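Asks: So the chains spell out like this:
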Amino acid sequence: DTGVSQNPRHKITKRGQNVTFRCDPISEHNRLYWYRQTLGQGPEFLTYFQNEAQLEKSRLLSDRFSAERPKGSFSTLEIQRTEQGDSAMYLCASSLAGDYEQYFGPGTRLTVT
Amino acid sequence: QKEVEQNSGPLSVPEGAIASLNCTYSDRGSQSFFWYRQYSGKSPELIMSIYSNGDKEDGRFTAQLNKASQYVSLLIRDSQPSDSATYLCAVNDDYKLSFGAGTTVTVRA
Chain P
1 DTGVSQNPRH KITKRGQNVT FRCDPISEHN RLYWYRQTLG QGPEFLTYFQ
51 NEAQLEKSRL LSDRFSAERP KGSFSTLEIQ RTEQGDSAMY LCASSLAGDY
101 EQYFGPGTRL TVT
Chain W
1001 QKEVEQNSGP LSVPEGAIAS LNCTYSDRGS QSFFWYRQYS GKSPELIMSI
1051 YSNGDKEDGR FTAQLNKASQ YVSLLIRDSQ PSDSATYLCA VNDDYKLSFG
1101 AGTTVTVRA
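Residue numbers (my numbering), protein chains in the order written: chain P, 1 to 113; chain W, 1001 to 1109.
Don't take each hint at face value.
Below are the DSS-like pairs computed for lysine-lysine, each with C-alpha atoms no more than 30 Å apart in a straight line [unchecked claim]:
| no. | chain 1 | residue 1 | chain 2 | residue 2 |
| --- | --- | --- | --- | --- |
| 1 | P | K57 | P | K11 |
| 2 | P | K57 | W | K1002 |
| 3 | P | K71 | P | K11 |
| 4 | W | K1056 | P | K11 |
| 5 | W | K1042 | P | K57 |
| 6 | W | K1067 | W | K1056 |
| 7 | P | K71 | W | K1042 |
| 8 | W | K1002 | W | K1042 |
| 9 | P | K14 | W | K1042 |
| 10 | W | K1002 | W | K1067 |
| 11 | W | K1002 | W | K1056 |
| 12 | P | K71 | P | K57 |
| 13 | W | K1067 | P | K57 |
| 14 | W | K1042 | W | K1056 |
| 15 | P | K57 | P | K14 |
Residues from chain W that keep clear of chain P, each with C-beta distances beyond 12 Å, as calculated [claimed, not checked]:
| no. | residue |
| --- | --- |
| 16 | Y1071 |
| 17 | S1084 |
| 18 | K1096 |
Think of the hints as simulated: they come from the structure by calculation, not from any bench. Every value quoted in this text rests on a predicted model; they were computed, and no experiment measured them. Just so you know, even glycine gets a beta-carbon here, dropped at the ideal spot from N, CA and C.
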């Protein structure tokens, strides 16, 4: 039983560049979540999908951020025109529909220079 | 997002002692509560979930829930150096989770 996987694990980019992260959930899980975590804080919700439908987006998610889950399997999170404030750990989690327990992937650490 | 408050610590306990972590939440309608363990530089790992008032035990971990007081706690018995980590309390907000900032626990030998 493989867990949630995320790629890349680390990304260093220059301010103004676009970056894309990928998340592969646990195979039977149809809900997929993106969170962001900065040092000393708990994860902060960004968005979530049930199958391919994006059901909720945080008000904190600016229009530079977009997420997709085109076939209800893997998901991508793109950040356009990155800013230094985007530096954080981006976490993906998955769960079964109707189940509140979420399981996290290893995360992608983004550093914007 | 719903507010979840935790003492940031650090909480230092001797090996073999009980570590007690506390969490309060703002929304009286919350139904599901979770404790995650996060080692430095790693992602959160689910260690306990609790849905009903009372105690739930799993190995050396016991979660306690009091919905009337809007309070959830985690006890770690016989603390080991490997328990040194940040413990995150999370509460469901519809299907997403709201997290506290975490309590850092250090188990000293």
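Asks: Which hints from the list above does the structure break, by number from lowest to highest?
Replies: When the structure is compared with the hints, numbers 4 and 18 turn out to be violated.
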